[in-house]
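*Asks:* Single-letter residue listing:
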Amino acid sequence: MFEIVWLSLRVSALAIIFAGLLGIPLGSWLGLKRFVGRRLIVALLYTGMGFPPVVVGLFVYLLLSRNGVLGSLGWPWLPHLFTPAAMVIGQVIIATPLISGFTMVAVMSVDSNLRLQLISLGATPWQATRAVLSEARVGVIVSMVAGFGSVISEVGAVMLLGGNIEGSTRVMTTAIVLETSKGNFDLALAMGMVLLALTFAVNVVVLCLQGKAFD
Amino acid sequence: MADFIYQVENLVKSYNGRQVVSVPALDVRRGEILGLVGPSGAGKSTLLRLLDFLEAPSGGRIAFAGHWFASPAEIPLTLRRRAVLVFQRPVLLSASIFENVAYGLRIRGQRDVRPLVQAVLARVGLLPLQDAPSRTLSGGELQRVALARALVVEPEVLLLDEPTANLDPAHVKAIEAIIREANETAGTTVVIVTHNIFQARRLAQRVGLLVGGRLVEVAPTRAFFEAPQTEEASAFVRGDMIY
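Protein chains in written order, with our numbering: chain V, 1 to 215; chain B, 1 to 243.
What the hints contain is simulated information worked out from the structure, not anything from laboratory work.
No residue lacks a Cβ here, since even glycine has one placed at the ideal position from N, Cα and C.
Listed below are several chain B residues computed to face chain V (Cβ distance under 7 Å; list not exhaustive):
#1 Val84
#2 Leu85
#3 Phe87
#4 Val91
#5 Gly104
If you only want the chain V side, here are some residues facing chain B, beta carbon under 10 Å, derived:
#6 Gln127
#7 Ala128
#8 Ala131
#9 Ser134
#10 Glu135
#11 Val138
Footprint (simulated), chain V over chain B, 3 or more residues, beta carbon under 8 Å:
#12 72 to 82
#13 93 to 103
#14 144 to 153
Based on the provided sequences and hints, a complete structural model is requested.
*Replies:* Here it is, written out as structure tokens:
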């Protein structure tokens, strides 16, 4: 059981790191700039935020499978299906729109006059941008937590992409599904409690961080 | 010839075809306090932003310290950093008062900011609040922090946009004292926009009247108030300005 929890954490944490690397710059850019086509990108982003994980899983499955679009190319660095790496890819696709959407909102909620006033104080455009992003930091942290919460509790994509293989790709959510269907309610419930406790703990840690940033 | 920190030539700014500022000529002398008065919507704030090179003029050009610029993109950073604008509604960073005042020094790469920041905070009477978070400030304190974060970089020019609007008399007095002190001891040139003609009279050596984006009259303060040359200026001084 410890092994399962550990894999869940590892897969989701890795996915959030990659999704943050993609989503935070994208969200900052969308929050700071005004350009033609921005609304379209935002609309796509919001669609992505509501994307059903199981559909994401299906798409990535079709891409990675041996006869799939990418799988057939045989690139050595491309992860195979039913590996933790494939699960990470699915979760990155689920979490990136969430993180960039929340980041965009956080950046946009910073008073637009602040940037001008910092430039007047002598900031270069890049220095002023950095300050605005730092003002939005709490929102960015929240976006990461929301992303983590959604991917660690997600079951559709990891089931399809990982295959729930014992000792290799079994995570908490897929284990709960399996144990429930086997009638092992005790184990399923225990796993559910661990999952709940875990998300609670992560949120408490982040709230403390937020408090420090503000006091 | 007097030493001019600013010269303005045929400066025009329009938004969506509506002309907000149209100033054919304006000189600001080094070391003076120039008051800009006029009814709201006269283009005072816009003129100030143009002088701070925050907005691009629609036409004309501005000389700062002897160099002519037709757009903010042309002015080098070192020159632009010599003028600082204090906004009517200051927005602070969500950090301590100290960090807010230190910002201008930090972006200039200055080390050991503590003595400078604390000296300025003492001047504006906020040293006891240096560790307080910026969101806890009252309106008057907010304006004083905004002044402090501008003064700490020892600007040559201080552009002030209604620095005492909506403040009680005690705060107005304190802020005017800070402005006067910066002008007298550091020789800082001050351009102050105010709708309060009494404030202009108290602080400024010269006063300019803006109406509808046009600079109607500029004169030494005493002459402006006692013998205005234009119909608009005398109406404004009498208190029955046409809004």
